[in-house]
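A.B. asks: On the provided structure of chain A, position chain B as indicated by the hints.
Letter by letter, the chains look like this.
There are 2 protein chains.
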Amino acid sequence: MPRISASHDKDLNLVQLGTAVRARRAGQGLSQEALADAAEIDRSHMGKIERGERNVTFLNIARIAKALQCKPSDLLLDAGL
Amino acid sequence: MPRISASHDKDLNLVQLGTAVRARRAGQGLSQEALADAAEIDRSHMGKIERGERNVTFLNIARIAKALQCKPSDLLLDAGL
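Quick note, the sequences are listed as chains A and B, same order.
Taken in order, the first sequence gives residues 1 to 81; the numbers are from our numbering.
Taken in order, the second sequence gives residues 101 to 181; the numbers are from our numbering.
None of these hints come from the bench; they were simulated from the model.
Where a beta carbon is used, it is the ideal one built from N, C-alpha and C, also for glycine.
Where hints are given, some of them may not hold.
As the list claims (entries may be wrong) - Selected chain B positions facing chain A (Cβ under 10 angstroms, derived; list incomplete): (1) N113; (2) L114; (3) S144; (4) G147; (5) T157.
As the list claims (entries may be wrong) - So the derived list for chain A, only partly shown, Cβ under 10 angstroms to chain B, looks like this: (6) N13; (7) N60; (8) L81.
What the hints assert, rightly or not - So these bits of chain B aren't anywhere near chain A, every CB distance computed over 12 angstroms: (9) A126; (10) A167; (11) K171.
So that you can see chain A by itself, here it is in the shape it has in the complex (with noise of 0.2 angstroms):
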């Protein structure tokens, strides 16, 4: 069946910004779980993040970023994008 939300089955810009949200949260010894609970994202959403596996719109990054005291710009530089 079909996914009506925003989705990408393994873009590489993705699995990249994925790969450097979860770097910068392992550097900080926070869990998945936590860092999707800080970020106020469904903790599925954020594996699937990390994973690559989704569409991230802005304002996600945006809270990524806060909840991980960096700024979006930090996380794209991260992954080289």
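C.D. replies: What follows is chain B alone, placed relative to chain A:
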């Protein structure tokens, strides 16, 4: 009637990002329509992105950046985000 698509009414971050897109586009002498076509984004949607009226997805940020021959992080840095 409620919209199903991801949207946000004039979040400041989205306004800053849209303003940065508009400035870079204008600096290249491109019309909004030309950028929309180059980025393969609906023209109406592009207008809303530039006005900060839509929660733009990362893949659309990446498409816009590619059409403007810059990196997604450049757009965020322009916007101070």
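A.B. asks: Next step is simple, just say for each hint if it's right about the structure.
C.D. replies: Status of the hints after comparison with the structure:
At about 5 angstroms, the closest approach between the beta carbon of N113(B) and any beta carbon in chain A falls short of 10 angstroms, and the interface hint on this residue holds. At its closest, the beta carbon of L114(B) sits 7 angstroms from a beta carbon of chain A; the interface hint therefore holds under the 10 angstroms criterion. For the restraint placing S144(B) at the interface with chain A, the shortest Cβ-Cβ distance is roughly 17 angstroms, beyond the 10 angstroms limit, so the hint is violated. Among the interface hints, the one on G147(B) is violated; its C-beta lies about 16 angstroms from the nearest C-beta in chain A, farther than the 10 angstroms criterion.
Interface hint at T157(B): satisfied, since its Cβ lies 5 angstroms from the closest Cβ of chain A, which is below the 10 angstroms cut-off. Taking 10 angstroms as the C-beta cut-off, the interface hint given for N13(A) holds, the closest approach to chain B being about 5 angstroms. Taking 10 angstroms as the C-beta contact cut-off toward chain B, the hint placing N60(A) at the interface holds, the least distance being around 8 angstroms. With a cut of 10 angstroms, the hint placing L81(A) at the interface with chain B holds, because the nearest CB-to-CB distance is about 5 angstroms.
Taking the minimum C-beta to C-beta distance to chain A, about 21 angstroms, the non-interface status of A126(B) holds against the 12 angstroms cut. Once the 12 angstroms rule is applied to beta carbons, A167(B) is consistent with being away from chain A; the minimum gap is 15 angstroms. Some Cβ of chain A comes within 12 angstroms of the Cβ of K171(B); the nearest lies about 6 angstroms off, and the non-interface call is violated.
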